[in-house]
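A.B. asks: Top line first, the protein sequences correspond to chains P and U. Counting in our numbering, the first sequence tops out at residue 184, every number present. Counting in our numbering, the second sequence tops out at residue 328, every number present.
Calculated directly from the structure, the hints in this document are not laboratory data. Quick reminder that beta carbons are idealized off the backbone N, C-alpha and C, glycines included. There could be a bad hint or two in this list.
[Unchecked claim] Restraint-style ranges between C-beta atoms, simulated for each label pair: (1) P:Ser155 / U:Leu84: 49 to 57 Å; (2) U:Gly293 / P:Gly32: 35 to 43 Å; (3) P:Ser169 / U:His246: 39 to 47 Å; (4) U:Ala295 / P:Pro94: 21 to 29 Å; (5) P:Pro66 / U:Ser305: 28 to 36 Å; (6) U:Leu301 / P:Ser155: 32 to 40 Å; (7) P:Val53 / U:Leu84: 55 to 63 Å; (8) U:Leu301 / P:Pro66: 56 to 64 Å; (9) U:Leu81 / P:Pro37: 35 to 43 Å; (10) U:Ser214 / P:Pro37: 18 to 26 Å; (11) U:Arg172 / P:Val53: 25 to 33 Å; (12) U:Leu301 / P:Thr113: 28 to 36 Å; (13) P:Ser169 / U:Ser283: 29 to 37 Å.
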Amino acid sequence: MYAHGIGADLPPGFGGRIFTRQGSGIEVANPVAQFATFPLPDDVGDFGGGAVNLMGNDDIFVVLFEYGPDSVGTRLFAHQGLPRELATTHFQPQVLRRGLSGQSGTQWFFTEAGRPFTLYAVLGSHARRSVLVPRVNQLLAGLSVDRAPVPLAAGRPWN
Amino acid sequence: MVALFVVLGAVVLLLAVLVAGLLRSHADILKALHDLGAGVGDPAADRAHDPGGHGTPVGAVPVPLTMGPPLAADRDSTSAPTLAGVTPHGDALAVAPATGSGLTLLAFLSTGCASCAGFWESFRRPASLGLATGTRLVVVTKGPDREIPREVADLAAPGLSVLMSSEAWTDYEVPGSPFFVLVDGAAGRRVGEGVANHFSQVAELVRRADIDAAAFAVDAGPGRDVGLDGPARESANDRELRDAGVAPGDPSLYPTSLEDLYGPPDARMATAPRPIRRAG
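Modelling step: build the complete structure from the supplied sequences, incorporating the hints.
C.D. replies: Okay, here's the thing in structure tokens:
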């Protein structure tokens with residue numbers, strides 16, 4: 026699957042979507058990619074609100090969320106490259122955006138192909154992390170990000 | 049009398065020439081099919097009997113010949129592969145119906161087929177569809193190479209999951225539209241498929257499958273009662289932020305460093321990162 030400069034070669038059992046929300050006012054909608062081993066409801070928050078509570082013990086939820094170009098070069102996004110090999114120790118119950126009993130998560134801020142992202146992954150069961158983390162890594166291995174288009178130089182009109 | 053014999057002879061001669069021509073044409077066709085590996089008899093067997101290759105056409109390749117959709121006995125009617133494609137709005141979507149514990153109804157529709165129009169219209173009134181609670185409905189059209197995304201978007205009701213993928217039609221061996229496939233996520237396979245004229249017929253199929261699934265279910269599923277969720281939870285978050293004086297665009301909503309998120313390094317815990325709260 027491919028959209029908005031993000032590609033995913035999904036491992037068996039994963040579904041997902043790559044989308045942008047409709048922008049409102051001055052807010053610019055950036056691409057969001059969500060992947061899960063369970064059916065994602067239509068109304069899911071960017072970081073899994075409305076979905077993570079549906080997870081079974083063997084389920085995985087992963088979000089790749091892009092920030093605006095003004096975040097490029099900031100210290101938060103200083104790490105270069107999408108994490109491809111996560112370890113079981115990277116997943117902590119405290120990192121969950123929504124603390125659901127038994128689950129654990131990990132979050133990374135980085136810049137990939139000149140685009141600032143955060144990666145947020147949730148395991149349905151922290152106790153099953155040794156089985157689930159390799160599946161997360163299998164998913165991460167299949168993700169690709171196109172380089173951000175170079176903005177046109179301003180102030181030089183044609184002719 | 050002589051003239052009659054002459055005319056008769058000429059007709060017989062003409063017919064003989066015609067038959068000879070037809071036989072020759074037939075022989076040419078058979079030879080061409082044989083060269084393609086799809087002739088009468090088994091070319092592989094011919095090669096086995098002729099190891100030297102004498103008489104075996106060079107470059108012969110087996111060509112499976114199929115005409116029309118596969119027959120019922122030939123169809124793979126239980127597999128439920130992941131469907132991947134795009135939405136009419138250009139987003140990417142991949143649906144794995146063989147996951148989870150619920151039922152997924154795949155509705156293969158077209159924009160042009162007259163009998164599909166009723167279904168597109170029905171999907172505008174999801175409450176009246178009569179689908180069992182928890183049944184996921186996904187409309188699958190052919191890809192942007194065969195359908196115009198704008199037309200699909202115009203027909204699709206707001207909030208309806210629509211996937212455009214010609215590959216999905218091939219994977220599910222869809223003979224034509226409208227066509228419906230019901231997948232049981234818990235079993236990881238198709239549990240029903242077929243054509244219907246009215247959605248009530250499809251709903252009845254789903255209802256029966258749901259009863260079967262409930263009758264043989266071992267576990268009720270992984271759902272957890274966690275209070276507010278989805279849009280209701282996001283609205284509550286917005287309300288809390290507004291009450292705390294954090295308006296849209298507030299700098300605290302846009303951290304630029306780890307210090308913004310966690311405070312000065314000496315104030316941070318050594319190993320346990322704290323969850324990040326996000327508006328909405």
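A.B. asks: It remains to establish, for every hint, whether it holds in the given structure.
C.D. replies: Right, here's what the structure says about each hint:
no.	hint	result
1	P:Ser155 / U:Leu84: 49 to 57 Å	53 Å, holds
2	U:Gly293 / P:Gly32: 35 to 43 Å	41 Å, holds
3	P:Ser169 / U:His246: 39 to 47 Å	44 Å, holds
4	U:Ala295 / P:Pro94: 21 to 29 Å	24 Å, holds
5	P:Pro66 / U:Ser305: 28 to 36 Å	34 Å, holds
6	U:Leu301 / P:Ser155: 32 to 40 Å	36 Å, holds
7	P:Val53 / U:Leu84: 55 to 63 Å	56 Å, holds
8	U:Leu301 / P:Pro66: 56 to 64 Å	25 Å, violated
9	U:Leu81 / P:Pro37: 35 to 43 Å	39 Å, holds
10	U:Ser214 / P:Pro37: 18 to 26 Å	21 Å, holds
11	U:Arg172 / P:Val53: 25 to 33 Å	31 Å, holds
12	U:Leu301 / P:Thr113: 28 to 36 Å	32 Å, holds
13	P:Ser169 / U:Ser283: 29 to 37 Å	35 Å, holds
The structure does not agree with numbered hint 8 stated previously, though it agrees with all others.
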